[in-house]
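Asks: Each chain, written out:
Protein chains: 2
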Amino acid sequence: MNRPLKLGIAGLGTVGVGLLQLLAEHGPRLARSVGRDIEVAGVSARSRGKKRAAPLEGIPWFDDAERLAQDASIDVLVELIGGEEGVAKAAVEAALRAGKPVVTANKALLARHGTELAVLAERRGVALNFEAAVAGGIPVIKTLREALAGNQIRRVYGILNGTCNYILTQMQEEHRSFGDVLAEAQAKGYAEADPTFDIDGFDTAHKLSLLTSLAFGTRVAFDEIDVEGIRTITQSDIEAADDLGYRIKLLGVALQTESGIEQRVHPAMVPKHSAIAEISGVTNCVAIDGDFCGNLLLAGAGAGAKATASAVASDILDIARGDNPPPFGVPAAKLEPYRRARLGQHQGAYYVRLSVYDRPGAMANVAGRMGERGVSLESIVQRRPPGARPGIDARPKLGAPTTVILITHETTEEAMRGALDAIHRDGQVDEKPQMIRIEPL
Amino acid sequence: MNRPLKLGIAGLGTVGVGLLQLLAEHGPRLARSVGRDIEVAGVSARSRGKKRAAPLEGIPWFDDAERLAQDASIDVLVELIGGEEGVAKAAVEAALRAGKPVVTANKALLARHGTELAVLAERRGVALNFEAAVAGGIPVIKTLREALAGNQIRRVYGILNGTCNYILTQMQEEHRSFGDVLAEAQAKGYAEADPTFDIDGFDTAHKLSLLTSLAFGTRVAFDEIDVEGIRTITQSDIEAADDLGYRIKLLGVALQTESGIEQRVHPAMVPKHSAIAEISGVTNCVAIDGDFCGNLLLAGAGAGAKATASAVASDILDIARGDNPPPFGVPAAKLEPYRRARLGQHQGAYYVRLSVYDRPGAMANVAGRMGERGVSLESIVQRRPPGARPGIDARPKLGAPTTVILITHETTEEAMRGALDAIHRDGQVDEKPQMIRIEPL
Chain A
234 MNRPLKLGIA GLGTVGVGLL QLLAEHGPRL ARSVGRDIEV AGVSARSRGK
284 KRAAPLEGIP WFDDAERLAQ DASIDVLVEL IGGEEGVAKA AVEAALRAGK
334 PVVTANKALL ARHGTELAVL AERRGVALNF EAAVAGGIPV IKTLREALAG
384 NQIRRVYGIL NGTCNYILTQ MQEEHRSFGD VLAEAQAKGY AEADPTFDID
434 GFDTAHKLSL LTSLAFGTRV AFDEIDVEGI RTITQSDIEA ADDLGYRIKL
484 LGVALQTESG IEQRVHPAMV PKHSAIAEIS GVTNCVAIDG DFCGNLLLAG
534 AGAGAKATAS AVASDILDIA RGDNPPPFGV PAAKLEPYRR ARLGQHQGAY
584 YVRLSVYDRP GAMANVAGRM GERGVSLESI VQRRPPGARP GIDARPKLGA
634 PTTVILITHE TTEEAMRGAL DAIHRDGQVD EKPQMIRIEP L
Chain B
234 MNRPLKLGIA GLGTVGVGLL QLLAEHGPRL ARSVGRDIEV AGVSARSRGK
284 KRAAPLEGIP WFDDAERLAQ DASIDVLVEL IGGEEGVAKA AVEAALRAGK
334 PVVTANKALL ARHGTELAVL AERRGVALNF EAAVAGGIPV IKTLREALAG
384 NQIRRVYGIL NGTCNYILTQ MQEEHRSFGD VLAEAQAKGY AEADPTFDID
434 GFDTAHKLSL LTSLAFGTRV AFDEIDVEGI RTITQSDIEA ADDLGYRIKL
484 LGVALQTESG IEQRVHPAMV PKHSAIAEIS GVTNCVAIDG DFCGNLLLAG
534 AGAGAKATAS AVASDILDIA RGDNPPPFGV PAAKLEPYRR ARLGQHQGAY
584 YVRLSVYDRP GAMANVAGRM GERGVSLESI VQRRPPGARP GIDARPKLGA
634 PTTVILITHE TTEEAMRGAL DAIHRDGQVD EKPQMIRIEP L
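Heads up: the sequence lines are chains A and B, in that order.
Using my numbering, the first residue of the first sequence is number 234, and each one after it goes up by one.
Using my numbering, the first residue of the second sequence is number 234, and each one after it goes up by one.
Since the hints were made in silico from the structure, they are not lab data.
Hints may be right or wrong, so weigh each one.
If chains are identical, the list can't say which one is meant, so a pair holds when it fits in one copy or spans any two.
Listed next, the in silico DSBU-like pairs over lysine-lysine satisfying Cα-Cα at most 35 Å (straight line) [stated by the list, open to error]:
| hint | residue 1 | residue 2 |
| --- | --- | --- |
| 1 | K505 | K665 |
| 2 | K421 | K283 |
| 3 | K283 | K322 |
| 4 | K505 | K421 |
| 5 | K322 | K567 |
None of these values were measured; they are calculated from a predicted model.
Use the sequences and the hints to build the structure in full.
Replies: In structure tokens:
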């Protein structure tokens, strides 16, 4: 048996406590697997007095995470503090500078400083592992970095935020409004009091930026992501999607195109009869299209103390075994500059919901504006108002807005936006048109 | 840059050719990732003269795979010959004895000799990697061995044979008979001329035996698997499943129970609205339930030259990087003996299809036999014969057999089989009852 691997754990929130529980429950199994004991040699957190559901007796306490990182008793820093600057960053840098491997679950830190930290880790010849930073218990980092290393990746995309997927699933299954479900999710603790970070897509974007680098060997480029959240999704979008054979999911998508890489976070339509459409509630998934592996889908728990601890443990065991792959799959010094594709050049089909004034010429105007830009339509659905009985209730007053749903054939984002802007300007619609991209699987 | 890693590739069938193509197309990318070139330093196959879609010029040819394995010019043996004995086994053993790591896609070899080969590899301190042996391009070996190493696994199960899943999907989607779809699959090359190995479940069992060892740290126990294939599945089972909210899939399941491990291959009902139910055609999937990671699902291409080559490449790159985990996650010498659970003790719900003679007392007999053994029923469906119109066509002649579908509540396999045997013996049914396990997700 080799000498034990000594961990310093910085941050004792739910994930830190989950990790301590995992190490306590499965210590002998882990030692057997890697041929050495895994010891917790030091911990650090903001408040020492706080009650925690973890066995902390006898473990040296450090008030300062940076000091913990540098302490001679520590072989590996496990950073579970969070936040893109401040203590977390200082501790991670201190550990790497001291030549110690780092395991972190901190997506914000890596989305902002991932490339520089990987360069630093590589210069010191130590691991920087971050399986827990993306999609919790789903081993997507290891999969992209190691298992699919023989592939040229064309696209990686997924459902990366459990809060959004929970809200969209509830809207779908219980026919409730966005605001209603959000309020309930907040009450249940699935959504934060300030939900912006989740529902406006930034959490998804943090995670996507790391997947992009792993998939394409490019520097982390969080600021280059086009981000839209799910606030604009209405019950009528959910129902229209269902009618047309789709589900709406908040996706993070990174796609290699001829002009560069598209990185985008937005609600998207996916076919109802597909595995990704069945990823419901807080479950996450990641799909990867590679030139040799084909289409791969990974689905599982995207968050939570236990699933995240499972990912952190995997990173620790790799270090215990002496495995030291480059953090982003290729050596950090060789990561290529990120080349952004113009989103206007994005090719795809679109769902459009219009609130059109019900008067002669309105639909002709809509169709004309589309046609001018070469946008052709696959389907048009105009329904009688909800509750109105066929042939019994009078049609709504001439001139009142009525909902029209369009599905286009493949076109460019530029053409699509141009057509919708023109329709809006022409005054034939009651509100800004809703546009949702259809993501091909 | 370190010295190149020199491969000897034994076997130039579709996978071997796929691997050569991958190495030719992505050589520079792989070298950049692992910091050294990957070279093909020798190849071996049965027939030298055969035309192959791979660049073989200049690569030393060996008529004898065992000699290739031992040759001083070779660092790693890549065994793509197949078969549980013979040349493949001799070559793998020769390489390991010579202290050379082995990459193999040979599930049959490992299902029969996996434990001994792992012991041999470990004694020589070299890797024995077999990502390609299970589920093609899906990285389930790495996931179980490394990514989930911090978990106690409770169950691993999946759709591991593309031929069976293709047949069941076609039966479902096109309402065709088993025999019809099988004949078509054979014509298209999706099924072998002798389809026994696939459709009777043995291929699935080979793969399952490896997943079991990885999940539970036990010696490979292929002979301990209860195997049933899909020959008995009829169109009426498919339709009844659909009515009741299920799909029928051929699953391999390994489950830790109190009395030991269940390893079983059989058709199973899974809920229609689940990701696994949407795994259609030749796609494979593996689901893993762990105590920390929760439920994880991996889905993708389970076979084919390219997907399998992707898996082989991943194994090679791990070796190039110097990673050397134990083949089955824990050191081979510490793999525990396999302790088989009694399948009679299997707990679950069941689907039953009976062809009951339509006469007074028949259903009372059926229900009585179930009740005697404590089997309670969740639902009973007896339909008018196909094509008969309600209240118009006369009921079938009294005494003619009519189809009755039962879904039981959870019970034991022993009770279930006892009840069905008794019903059969009582002469109330026209043919052996059909019984399909319902696999909870």
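Asks: Go through the numbered hints given earlier and state which of them the structure violates, listing their numbers in rising order.
Replies: No hint contradicted; all consistent.
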